[in-house]
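Work out the full structure: start from the sequences and follow the hints.
Chains as they are written, first to last, in numbering that gives the first Met the number 0: chain A, 0 to 261; chain B, 0 to 261; chain C, 0 to 261; chain D, 0 to 261.
Treat the hints with care, as some may be off.
Since the list gives no way to pick one copy over another, a pair counts as held whenever it fits inside one copy or between any two copies.
Unchecked claim - The calculated lysine to any residue pairs, modelled on SDA-like cross-linking and capped at a C-alpha distance of 25 Å, are:
#	residue 1	residue 2
1	K224	T74
2	K226	D156
3	K226	R16
4	K226	N198
5	K226	E214
6	K226	H241
7	K185	V239
8	K252	W174
9	K68	S3
10	K226	G157
11	K13	K210
12	K54	A213
13	K33	E219
14	K224	M238
15	K13	L144
Think of the hints as simulated: they come from the structure by calculation, not from any bench.
There are 4 protein chains.
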Amino acid sequence: MIHSGELIQLVSPKGKRYLRVFDPDQELHTHDGKLILREICELNYGDCITSHLGKSYTILKPSLYDLLKNIKRKTQVIYPKDIGYILLKLSIGPGATVIEAGCGSGALTMALAWFVGQEGRVHSFERRPEFQALCADNLARVKLLERVVFHVRDIEDGFAVGEADAVFIDVRTPWEYLDQILDGIKNGHPVGFLLPTMNQVSLLLAGLEQKPFAELEVLEIFLRKYKPVPERLRPEDRMVAHTGYLVFARARKERRRVPVAV
Amino acid sequence: MIHSGELIQLVSPKGKRYLRVFDPDQELHTHDGKLILREICELNYGDCITSHLGKSYTILKPSLYDLLKNIKRKTQVIYPKDIGYILLKLSIGPGATVIEAGCGSGALTMALAWFVGQEGRVHSFERRPEFQALCADNLARVKLLERVVFHVRDIEDGFAVGEADAVFIDVRTPWEYLDQILDGIKNGHPVGFLLPTMNQVSLLLAGLEQKPFAELEVLEIFLRKYKPVPERLRPEDRMVAHTGYLVFARARKERRRVPVAV
Amino acid sequence: MIHSGELIQLVSPKGKRYLRVFDPDQELHTHDGKLILREICELNYGDCITSHLGKSYTILKPSLYDLLKNIKRKTQVIYPKDIGYILLKLSIGPGATVIEAGCGSGALTMALAWFVGQEGRVHSFERRPEFQALCADNLARVKLLERVVFHVRDIEDGFAVGEADAVFIDVRTPWEYLDQILDGIKNGHPVGFLLPTMNQVSLLLAGLEQKPFAELEVLEIFLRKYKPVPERLRPEDRMVAHTGYLVFARARKERRRVPVAV
Amino acid sequence: MIHSGELIQLVSPKGKRYLRVFDPDQELHTHDGKLILREICELNYGDCITSHLGKSYTILKPSLYDLLKNIKRKTQVIYPKDIGYILLKLSIGPGATVIEAGCGSGALTMALAWFVGQEGRVHSFERRPEFQALCADNLARVKLLERVVFHVRDIEDGFAVGEADAVFIDVRTPWEYLDQILDGIKNGHPVGFLLPTMNQVSLLLAGLEQKPFAELEVLEIFLRKYKPVPERLRPEDRMVAHTGYLVFARARKERRRVPVAV
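Take a look at the structure:
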């Protein structure tokens with residue numbers, strides 16, 4: 000049974016997708032005719048409903064990947080290939096508190112909100128109100144808004160939300176905010192950055208070297224898709240060649256030492 | 000404050016790492032001398048303790064990435080670059096129930112257990128008792144064992160644990176178990192596979208095409224690391240060229256249709 | 000001085016390129032107006048001529064790379080990244096005799112003709128007359144036609160041109176012609192293949208293993224371009240993900256042994 | 000028939016290779032016993048000779064690729080994947096005159112000498128006499144020395160060998176020699192550079208932008224090998240992740256314009 004208020008995805012015969020919070024009182028008007036959503040109440044995921052023109056729409060439970068692809072974007076978004084790795088490196092899990100700066104359209108915000116769960120919290124900092132609004136809208140559409148606290152302000156003034164378990168920074172000049180990052184993160188915890196150019200990576204590394212950060216890592220991730228044809232297996236003709244360089248480090252802000260053991 | 004029973008990581012001056020469940024009554028004997036762990040009680044993550052030979056060890060909270068690197072392995076393990084993407088595609092999050100077949104040394108099992116949280120559940124199937132034992136040991140060491148139910152049996156007999164939110168299969172001939180997978184997963188939900196050779200991918204795709212699966216995807220992920228030197232930024236000389244091909248699909252096992260709307 | 004009959008390339012202010020065999024009696028009609036080519040007689044490469052509308056066109060000597068990009072194509076052409084490596088592996092150099100089967104639009108034919116020089120020879124086999132004609136046309140336009148002998152026939156009947164220094168095969172089912180290849184190549188010499196799918200690679204390898212071929216190699220080559228902006232250095236957004244798999248082997252057709260030395 | 004003075008390659012049963020200029024009066028002492036090379040006079044490539052211990056050695060004609068792999072090196076050498084592309088972009092062919100600066104161990108020098116043929120000429124500049132000697136030695140061993148003119152001097156003083164058809168620069172700070180390069184190359188002709196770090200690429204691009212160079216290109220080439228097993232086709236586990244960035248440009252040193260046509 001699919002209940003009112005659940006996230007559903009309706010897939011047309013031609014593969015067009017409609018992501019909705021299920022409301023049995025609504026209708027969906029498509030090129031294939033009208034869908035009476037109330038019928039969904041008696042169905043399960045994977046079942047189909049039929050439009051008044053006789054076209055069959057499949058009801059799917061959207062995966063996080065579906066949600067990410069469905070984001071309304073005004074900016075370049077962070078790609079799933081990068082998000083997955085960021086989650087591991089930043090150790091995002093149920094109950095974590097994460098600071099994110101530069102939310103953009105909210106792709107990473109959404110993934111972070113998904114994985115911190117109901118006990119976790121994402122503090123999202125964004126200077127530009129229109130991006131904050133877009134990000135909030137994208138999260139509301141997938142019912143994850145309550146896990147995010149938005150802060151529309153310049154991170155130059157610090158985060159002021161206590162020490163987080165992890166910090167992710169997607170702004171143009173991250174090397175200018177390293178002190179604020181150190182203030183905002185628990186000691187020994189991981190920080191991540193996304194940067195499009197090598198010049199920025201170089202400047203960030205130089206900055207990190209002069210502050211108490213350790214375990215610096217720079218990397219990039221490629222994803223190559225194949226045409227799923229068993230008797231003619233081959234990669235797709237083209238692929239994304241660059242989204243951004245990922246930089247990771249670990250805060251080592253204090254180095255208190257206890258006296259030598261005897 | 001660091002409490003007894005927490006996972007900690009001690010890092011030697013030369014970068015050697017010791018992962019432990021913190022027990023204040025223990026000592027750690029290293030090449031740099033003896034560490035009295037009780038001293039940690041008064042410290043925080045990022046602080047250091049000193050061995051009886053005067054060497055300083057940093058105390059870090061291990062990230063999931065650290066835990067994965069620390070796994071005791073008898074098999075090729077799934078790499079973080081692949082795990083991150085699997086999590087997104089399979090939509091693993093707090094509260095999810097996941098079936099995994101072919102647990103190997105337990106790298107993916109650990110990540111799944113991490114992300115499903117305390118309310119979630121991982122059903123791990125493995126035919127070979129020695130691998131099941133190794134996997135369980137690895138999970139116990141990082142205190143995630145309680146989220147996993149181990150099943151030492153051949154998946155040819157089916158999973159018999161109800162319908163899961165997602166299924167991941169890492170066995171040699173996954174095309175032989177497609178009916179069992181369909182039985183074990185909620186309709187419309189995602190299934191993932193990892194396969195080392197193209198021949199296997201081809202056979203799996205041919206199998207998936209003949210059963211009610213949709214949205215077939217085949218891909219591979221590359222990770223390229225850079226030397227983190229700001230004034231001489233360049234990739235490392237060598238990289239991993241292949242771990243495996245990832246295949247994803249969606250179960251579409253029933254296709255019930257309601258009557259045409261009027 | 001640029002002489003009549005030389006290959007020249009005229010580059011418009013907007014970067015449009017015109018490749019021509021220089022004929023001083025011709026005019027070139029462009030969107031920027033008419034160019035009187037006779038004026039080129041008094042100029043050198045790198046100089047400009049001006050159209051009757053006052054637009055400046057630069058005269059360049061085309062490189063082989065320019066010629067390859069300028070090919071009229073009806074088929075997928077072999078890319079420069081692959082051609083360069085094929086040349087090395089097949090040891091194409093001045094004076095070499097090469098057999099090529101499946102000339103397509105003639106990109107590789109052109110490169111082979113370029114590198115074998117005036118003393119070398121390319122035997123190009125193509126079953127379909129329209130491709131042979133296109134290939135010949137492309138080679139004539141760059142004045143390399145005389146180095147190529149075209150054979151419009153099925154290679155199932157063998158090559159019948161004596162033993163070549165190297166053989167390159169770009170046909171759909173190369174494993175059907177391994178005996179003909181062995182007949183057509185000098186013993187110990189290299190053979191190359193280009194294949195778009197993994198299934199073909201697998202079938203070819205199985206065939207090569209059953210015949211006297213040695214040193215089997217399978218590989219693929221990627222080329223990633225960067226935006227040439229010094230202060231914002233980063234890769235281009237997209238790249239070619241697949242052209243084809245290259246397979247190389249060495250003929251070992253006879254294994255005559257002289258008596259044991261004493 | 001194999002003639003005295005030809006380059007031959009002897010391959011042991013275990014795959015060990017011996018590259019030699021064939022001298023019938025010599026013997027080859029191997030772990031498998033003594034080979035009487037005179038016996039080769041009556042054989043062809045692909046045939047075998049037998050050691051006095053009864054081991055069979057195959058005689059192969061070395062390809063350029065074999066020669067490049069056989070180079071005695073004291074430096075990082077340029078890889079075949081890069082060399083092939085350089086040849087195309089620099090349009091190296093029979094009869095060309097090429098300037099090369101920074102010959103290293105001579106891998107590129109050898110390939111250039113191979114492809115320019117007997118009428119062509121490679122001017123190789125190298126400041127350090129020991130590398131010049133190594134490079135000359137490597138070229139002599141494969142009988143290509145006569146096509147190369149060595150200049151042991153700093154390119155800061157210019158090339159002074161007339162205008163070349165193409166220039167390739169493999170030195171640490173190529174941006175310091177752009178005027179010399181412009182002097183040494185025919186107008187409109189291609190120049191290539193190899194650089195290991197992004198910082199160097201950035202500095203070179205900034206330099207090229209301030210001089211009369213056009214058509215700037217930056218790229219990198221990857222080569223991924225597969226295990227040639229038909230029934231278990233998969234890439235090798237590891238690969239070279241970085242050799243260097245290739246930068247190409249075209250000299251546009253003068254911009255003489257003829258009067259407007261009427």
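Taking the hints in turn, this is what the structure says about them:
Taking the shortest alpha-carbon separations for K224 and T74, both the intra-copy value of 24 Å and the inter-copy value of 23 Å come in at or below 25 Å. With identical chains, the CA atoms of K226 and D156 are never at most 25 Å apart, being 49 Å at best within one copy and 32 Å at best between copies. Taking the shortest alpha-carbon separations for K226 and R16, only the intra-copy value of 21 Å comes in at or below 25 Å, while the best inter-copy value is 35 Å. In this homomeric assembly, K226 and N198 come within 25 Å of each other (Cα to Cα) only across copies, at 13 Å, whereas the closest approach inside a single copy is 35 Å.
Proximity of K226 and E214 under a CA criterion of 25 Å is satisfied inter-copy only: 12 Å between copies versus 38 Å inside one chain copy. In this homomeric assembly, K226 and H241 come within 25 Å of each other (Cα to Cα) both inside a single copy, at 21 Å, and across copies, at 11 Å. Within a single copy, K185 and V239 get their C-alpha atoms no closer than 35 Å, and across copies no closer than 32 Å, so neither meets the 25 Å cut-off. Taking the shortest alpha-carbon separations for K252 and W174, only the intra-copy value of 16 Å comes in at or below 25 Å, while the best inter-copy value is 40 Å.
In this homomeric assembly, K68 and S3 come within 25 Å of each other (Cα to Cα) only inside a single copy, at 23 Å, whereas the closest approach across copies is 43 Å. Taking the closest pair of Cα atoms, K226 and G157 never come within 25 Å of each other, the shortest separation being 47 Å inside a single copy and 30 Å across copies. In this homomeric assembly, K13 and K210 come within 25 Å of each other (Cα to Cα) only across copies, at 20 Å, whereas the closest approach inside a single copy is 54 Å. In this assembly of identical chains, the alpha carbons of K54 and A213 lie at most 25 Å apart only when taken from different copies (18 Å versus 58 Å within one copy).
With identical chains, the CA atoms of K33 and E219 are never at most 25 Å apart, being 45 Å at best within one copy and 40 Å at best between copies. For the identical chains of this complex, K224 and M238 are neighbours both inside a copy (8 Å) and across copies (13 Å), given an alpha-carbon limit of 25 Å. Taking the shortest Cα distances, K13 and L144 never come within 25 Å of each other, neither inside one copy (31 Å) nor across copies (44 Å).
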